[in-house]
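Student: Take a look at the letters that make up each chain.
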Amino acid sequence: MSIRYIYPEFEVVRNENRCIACRVCERQCANEVHSYNEEKNVMISDETKCVNCQRCVSLCPTRALKIVKSDCTLRENANWQNDTIKEIYKQAGSGGVLLSSMGNPKPLPVYWDKILINASQVTNPPIDPLREPMETRVFLGKKNGEIERDENGNLKCSLPPQLELSMPVMFSAMSYGSISYNAHASLARAATELGILYNTGEGGLHEDFYVYGPNTIVQVASGRFGVHEDYLKAGAAVEIKMGQGAKPGIGGHLPGAKIVGDVSKTRMIPEGSDAISPAPHHDIYSIEDLRQLVFSLKEATEYKKPVIVKVAAVHNIAAIASGIARSGADIIAIDGFRGGTGAAPTRIRDNVGIPIELALASVDQRLRDEGIRNTVSLVVGGSIRSASDVIKAIALGADACYVATAALLALGCHLCRTCQSGKCNWGIATQRPDLVKRLNPDIGSERLVNLMTAWRHEIKELMGGMGINSIEALKGNRLMLRGVGLNEKELEILGISHAGE
Amino acid sequence: MSEYVIIGNGTAAAGCIEGIRSIDSEGKITLISKEKYKVYSRPLISYLLEGKTDVERMKYRGEDFYEKNNVSFFPGISATKIDADKKEISLDNEEKISYDKICVSTGSSPFVPPFEGLDSVQKKFSFMTLDDALSLKEAINPESRVLIVGAGLIGLKCAEGIKDLVKEITVCDLADRILSSILDAECAGIMQKHLEENGIKFLLSDSATKFESNKAYMKSGKEVEFDVLVLAIGVRANISLVKNIEGEVNRGIVVNTKMETSVKDIYAAGDCSEGYDASIGGNRVLAILPNAYMQGFCAGVNMAGGEKEFSNAIPMNSIGFFGLHVMTAGCYDGECFEEKREGVLKRFFVKDNKLIGYMLIGETDRAGIYTSMIREKVPLDTVDFELLRKVATTFAFSNENRRKKFGGVV
Amino acid sequence: MKRVYVNEEWCLGCHLCEYNCAFANLGLKDMADALKGKKIFPRIHVEGDEKISYGVSCRHCEDPMCIKSCIAGAISKENGVVTIDRSKCVGCLTCVLVCPYGALAPSEEGTMQKCELCVKNSCGEPACVTGCPNKAIVYEERG
Chain A
1 MSIRYIYPEF EVVRNENRCI ACRVCERQCA NEVHSYNEEK NVMISDETKC
51 VNCQRCVSLC PTRALKIVKS DCTLRENANW QNDTIKEIYK QAGSGGVLLS
101 SMGNPKPLPV YWDKILINAS QVTNPPIDPL REPMETRVFL GKKNGEIERD
151 ENGNLKCSLP PQLELSMPVM FSAMSYGSIS YNAHASLARA ATELGILYNT
201 GEGGLHEDFY VYGPNTIVQV ASGRFGVHED YLKAGAAVEI KMGQGAKPGI
251 GGHLPGAKIV GDVSKTRMIP EGSDAISPAP HHDIYSIEDL RQLVFSLKEA
301 TEYKKPVIVK VAAVHNIAAI ASGIARSGAD IIAIDGFRGG TGAAPTRIRD
351 NVGIPIELAL ASVDQRLRDE GIRNTVSLVV GGSIRSASDV IKAIALGADA
401 CYVATAALLA LGCHLCRTCQ SGKCNWGIAT QRPDLVKRLN PDIGSERLVN
451 LMTAWRHEIK ELMGGMGINS IEALKGNRLM LRGVGLNEKE LEILGISHAG
501 E
Chain B
1 MSEYVIIGNG TAAAGCIEGI RSIDSEGKIT LISKEKYKVY SRPLISYLLE
51 GKTDVERMKY RGEDFYEKNN VSFFPGISAT KIDADKKEIS LDNEEKISYD
101 KICVSTGSSP FVPPFEGLDS VQKKFSFMTL DDALSLKEAI NPESRVLIVG
151 AGLIGLKCAE GIKDLVKEIT VCDLADRILS SILDAECAGI MQKHLEENGI
201 KFLLSDSATK FESNKAYMKS GKEVEFDVLV LAIGVRANIS LVKNIEGEVN
251 RGIVVNTKME TSVKDIYAAG DCSEGYDASI GGNRVLAILP NAYMQGFCAG
301 VNMAGGEKEF SNAIPMNSIG FFGLHVMTAG CYDGECFEEK REGVLKRFFV
351 KDNKLIGYML IGETDRAGIY TSMIREKVPL DTVDFELLRK VATTFAFSNE
401 NRRKKFGGVV
Chain C
1 MKRVYVNEEW CLGCHLCEYN CAFANLGLKD MADALKGKKI FPRIHVEGDE
51 KISYGVSCRH CEDPMCIKSC IAGAISKENG VVTIDRSKCV GCLTCVLVCP
101 YGALAPSEEG TMQKCELCVK NSCGEPACVT GCPNKAIVYE ERG
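Residue numbers (the working numbering), protein chains in the order written: chain A, 1 to 501; chain B, 1 to 410; chain C, 1 to 143.
Source of the hints: derived by calculation from the structure; they are not laboratory data. Each residue gets a CB set at the ideal place from its N, CA and C atoms; glycine is no exception. Treat the hints with care, since some could be wrong.
Restricting the straight-line Cα-Cα distance to at most 25 angstroms, the calculated cross-link-like pairs of lysine to any residue (SDA-like) are [stated by the list, open to error]:
1) K77/C - E18/B
2) K120/C - F65/B
3) K404/B - E62/C
Listed next, with one range per pair, are the computed distances between beta-carbon atoms [said to hold, decoys possible]:
4) E302/A - G124/C: 21 to 31 angstroms
5) N450/A - E141/C: 17 to 27 angstroms
6) G189/B - E62/C: 55 to 65 angstroms
7) D333/B - R63/A: 50 to 60 angstroms
8) R63/A - G110/C: 29 to 39 angstroms
9) N256/B - D33/C: 52 to 62 angstroms
10) G51/B - D33/C: 44 to 54 angstroms
11) G124/C - P214/A: 49 to 59 angstroms
12) R63/A - R142/C: 31 to 41 angstroms
13) Y210/A - N256/B: 52 to 62 angstroms
14) Y210/A - R142/C: 25 to 35 angstroms
15) D33/C - I44/A: 21 to 31 angstroms
16) D384/B - E62/C: 22 to 32 angstroms
Listing some non-contacts, in silico: residues in chain A with all C-beta distances to chain C over 10 angstroms [unchecked claim]:
17) V24
18) R27
19) S277
20) D434
21) N440
22) E488
Please put together the full structure from these sequences, using the hints given.
Tutor: What follows is the structure, encoded as structure tokens:
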């Protein structure tokens with residue numbers, strides 16, 4: 001082998017005693033790892049092509065397959081680890097920027113895992129959610145600062161537009177193009193059934209999905225793909241995408257190969273042309289500019305829909321959020337550095353941005369300090385993995401969470417992190433018709449509904465344990481949280497005490 | 001309460017009983033059967049000799065078929081005369097029975113030309129009925145040399161059935177090829193070769209002219225010595241009951257698509273009848289089992305006051321010898337498309353944008369798809385005929401048609 | 001009555017139904033043990049190409065040609081299910097000649113077999129349906 005050779009990352013282990021040569025693995029692998037040797041009536045594998053998506057493992061009817069991490073090892077050390085060395089080899093071979101997908105995989109702190117939740121004992125007794133009502137509904141949007149009454153003393157009910165969610169979770173932005181029609185169909189149907197919202201991402205809204213409009217957030221990003229009047233009016237809210245947690249500072253990039261058929265039509269760009277969203281919005285260089293766009297969109301939607309501004313969690317996030325709050329936005333969405341992506345430069349994904357936990361805590365604190373917390377709702381995303389992550393986010397001050405990676409996992413994603421290849425064997429991050437149809441939205445939406453239903457149960461359990469019976473009462477209630485293994489500074493930013501305090 | 005009489009007890013009769021009972025569960029059904037057996041599958045007699053079935057398993061319907069359908073079964077009795085005016089049937093036991101509706105399903109009988117010296121042959125058999133088969137079985141032994149006159153379906157099935165029970169089998173036929181009624185020369189040649197490889201000898205374009213005890217003198221001048229003679233030259237429809245009362249007959253009893261004969265309240269079905277053949281657009285005797293059942297069923301429904309037409313009958317045959325199968329259907333007078341591969345020969349006959357017939361040898365998987373195309377007169381420009389010629393698949397139909405075919409209740 | 005239907009839109013052409021069918025009707029415990037090194041004789045078969053595929057099995061017709069045509073009287077319909085008495089079958093293939101769907105095929109022994117909706121084995125629901133990874137094969141009532 002040559003200097004370019006890199007030993008495969010995974011090994012396909014086939015139990016020959018169990019393999020019946022049914023060739024399902026071969027038919028199901030878009031990477032063409034498996035093939036059949038007719039003469040010997042055996043299956044063979046080419047591991048160099050394996051991305052460990054587990055499709056073959058999942059569909060093998062006799063459990064004859066497993067994929068293991070190769071133990072062929074480079075002489076790594078604490079500084080020069082396997083991946084680091086291999087990346088050098090790849091770049092030395094290609095001369096190109098490394099591309100990756102999904103969220104930051106590096107062993108950086110996951111603060112959710114260092115925060116613990118309280119429970120009631122003796123005084124202030126816990127609530128049993130099976131016996132007593134538990135409110136998981138939330139309303140997102142600008143709230144009035146004070147109660148106003150007219151001359152007769154009646155309440156003035158002039159609330160700005162609100163989004164009603166049955167639980168404090170939404171499916172975050174994933175564009176049609178980066179994910180498939182069937183993935184969108186699954187999300188849209190599930191959101192509708194659950195009484196929550198999903199988000200179009202920056203690729204426009206396929207005409208088939210306008211019927212799900214009341215449960216759709218339509219996004220306006222720097223590329224303005226697929227944005228037109230009907231689109232803006234179709235959704236329940238409009239989101240301006242300023243940044244994305246996985247790749248702060250750069251725009252989305254969908255290769256021309258994925259701009260086919262309905263994707264091209266929905267994005268309103270020619271087939272085969274690369275959809276490159278500019279890094280900035282070319283009309284936004286200040287909070288004042290942002291305010292113009294916010295109000296343009298409000299104008300276009302007759303002030304009936306809340307406007308969300310989504311930004312990546314970066315160093316000055318508290319000041320940025322304060323500016324956004326003052327721009328007239330109804331909701332701020334902040335995307336942490338672990339957020340997923342269909343494709344991002346590896347260096348950016350792995351090194352730019354900050355953890356959502358810290359960003360959330362500091363934004364919430366800053367907005368409170370400035371007395372403008374009620375003028376916006378806060379939605380956070382960037383790897384919310386479970387009901388307990390949701391609870392912790394709410395207690396740190398979020399109004400709701402965005403989830404995407406978890407939703408994709410429910411749809412079958414096995415986090416092989418090769419979305420950029422367009423050959424998603426699970427029919428999610430692909431536009432190849434033969435692959436897209438592997439995701440039957442009947443199954444997909446059912447699994448999403450199952451997942452969220454499970455989370456909702458867990459959220460109620462966790463709240464009940466704390467003696468809290470509504471999301472509203474938990475919001476910003478940092479006394480319910482304690483840190484473990486965190487230093488003073490971290491605790492200070494998170495605004496929580498250490499466990500035992 | 002209606003009185004139905006069914007004369008004959010083959011497949012058509014069984015169909016007729018089920019047809020009547022699908023409409024009328026009350027009416028009285030009388031079944032006159034010349035044979036003493038309950039309805040059995042005639043075409044299985046060769047398989048019986050081959051050992052692939054037995055008398056018990058050959059029963060066409062369950063043991064309680066007559067009881068369940070409330071049928072009065074008269075075994076071993078023949079009808080001798082129908083009196084259409086008095087609505088009466090005379091039986092060979094001197095009895096008379098009355099009827100409202102009759103189904104004549106008397107089948108056919110072997111046709112034996114007046115060979116010179118045939119009387120001098122001791123062991124000679126037809127091969128039509130269970131009794132024929134049982135007596136043939138009695139007569140043969142591992143040392144027997146058997147001469148079968150007639151290389152049609154019956155003669156060859158007989159040959160296959162007794163192949164392992166006898167020493168030698170010779171089949172002769174006046175035609176220049178075997179299975180001449182359904183196969184062309186090339187297909188027949190393939191099958192003949194296969195049969196020869198399995199030990200059957202043939203004398204074609206040749207037939208016996210004279211018999212002398214254990215010897216046949218052939219037209220060609222050859223002499224064939226044999227121990228057992230099977231006569232499988234052909235069959236004649238049993239039409240006399242209807243012919244004798246001036247009902248319209250031809251080679252069979254003429255029926256319309258409702259299985260009505262020209263005589264009021266008399267229906268006919270099965271091998272004795274001559275019904276509409278959609279493949280030629282006219283009447284002819286289609287002596288095949290599926291046809292017998294469907295004609296019988298149709299007759300039964302109409303006899304019981306229902307409305308049924310059977311208008312898409314076509315000739316079709318599935319026949320195999322020693323593992324090699326041939327399937328044929330329809331007629332062969334259109335443009336021929338051929339598909340030939342090692343061990344496989346398929347011929348498709350096309351006329352007016354429709355498949356009208358086929359002949360398959362070696363590969364017969366899913367041939368019913370072709371058959372249905374003939375029966376349903378599917379326009380060939382709506383299907384991928386090129387693909388169909390290679391392989392029988394519903395994938396060759398238009399997406400819309402296929403989804404309709406598979407999507408609903410059929 | 002409930003029948004097996006295939007939604008072409010979701011069929012992946014993975015052929016798992018064929019293996020699940022073959023396995024279900026062998027009555028063995030372990031699929032690897034049952035099918036290892038063997039040719040399978042499923043009662044459903046996948047047709048189509050890379051783009052469109054679908055499994056074909058017996059439609060259990062209202063008016064089944066196979067029953068009317070079987071020369072041995074081996075095919076019958078019980079409770080809406082067209083079943084074949086393989087002890088009576090002599091393998092003449094007349095049912096193949098007449099089935100418009102191509103739903104019958106010989107078994108390993110040469111006698112014919114067809115989908116019997118898994119009523120004669122211990123699967124409960126048809127094995128092709130429960131084993132289909134994409135709900136492309138469904139067992140349901142249609143008008």
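Student: All hints, please: hold or fail.
Tutor: Outcome of the hint check:
1. K77/C - E18/B: 13 angstroms, holds
2. K120/C - F65/B: 23 angstroms, holds
3. K404/B - E62/C: Holds, at roughly 15 angstroms.
4. E302/A - G124/C: 21 to 31 angstroms: 56 angstroms, violated
5. N450/A - E141/C: 17 to 27 angstroms: 25 angstroms, holds
6. G189/B - E62/C: 55 to 65 angstroms: 42 angstroms, violated
7. D333/B - R63/A: 50 to 60 angstroms: 58 angstroms, holds
8. R63/A - G110/C: 29 to 39 angstroms: 33 angstroms, holds
9. N256/B - D33/C: 52 to 62 angstroms: 59 angstroms, holds
10. G51/B - D33/C: 44 to 54 angstroms: 33 angstroms, violated
11. G124/C - P214/A: 49 to 59 angstroms: 40 angstroms, violated
12. R63/A - R142/C: 31 to 41 angstroms: For R142/C against R63/A, whose Cβ atoms are near 34 angstroms apart, the range 31 to 41 angstroms holds.
13. Y210/A - N256/B: 52 to 62 angstroms: 59 angstroms, holds
14. Y210/A - R142/C: 25 to 35 angstroms: 29 angstroms, holds
15. D33/C - I44/A: 21 to 31 angstroms: Given range 21 to 31 angstroms: holds, Cβ gap about 23 angstroms.
16. D384/B - E62/C: 22 to 32 angstroms: At 28 angstroms between Cβs, range holds.
17. V24: The claim breaks: V24/A does not keep its Cβ more than 10 angstroms from every Cβ of chain C (closest is about 5 angstroms).
18. R27: 5 angstroms, violated
19. S277: It holds; S277/A is separated from chain C by about 32 angstroms at its closest Cβ, greater than 10 angstroms.
20. D434: 6 angstroms, violated
21. N440: 5 angstroms, violated
22. E488: 52 angstroms, holds
Checked against the numbered hints above, the structure breaks hints 4, 6, 10, 11, 17, 18, 20, 21 and satisfies the rest.
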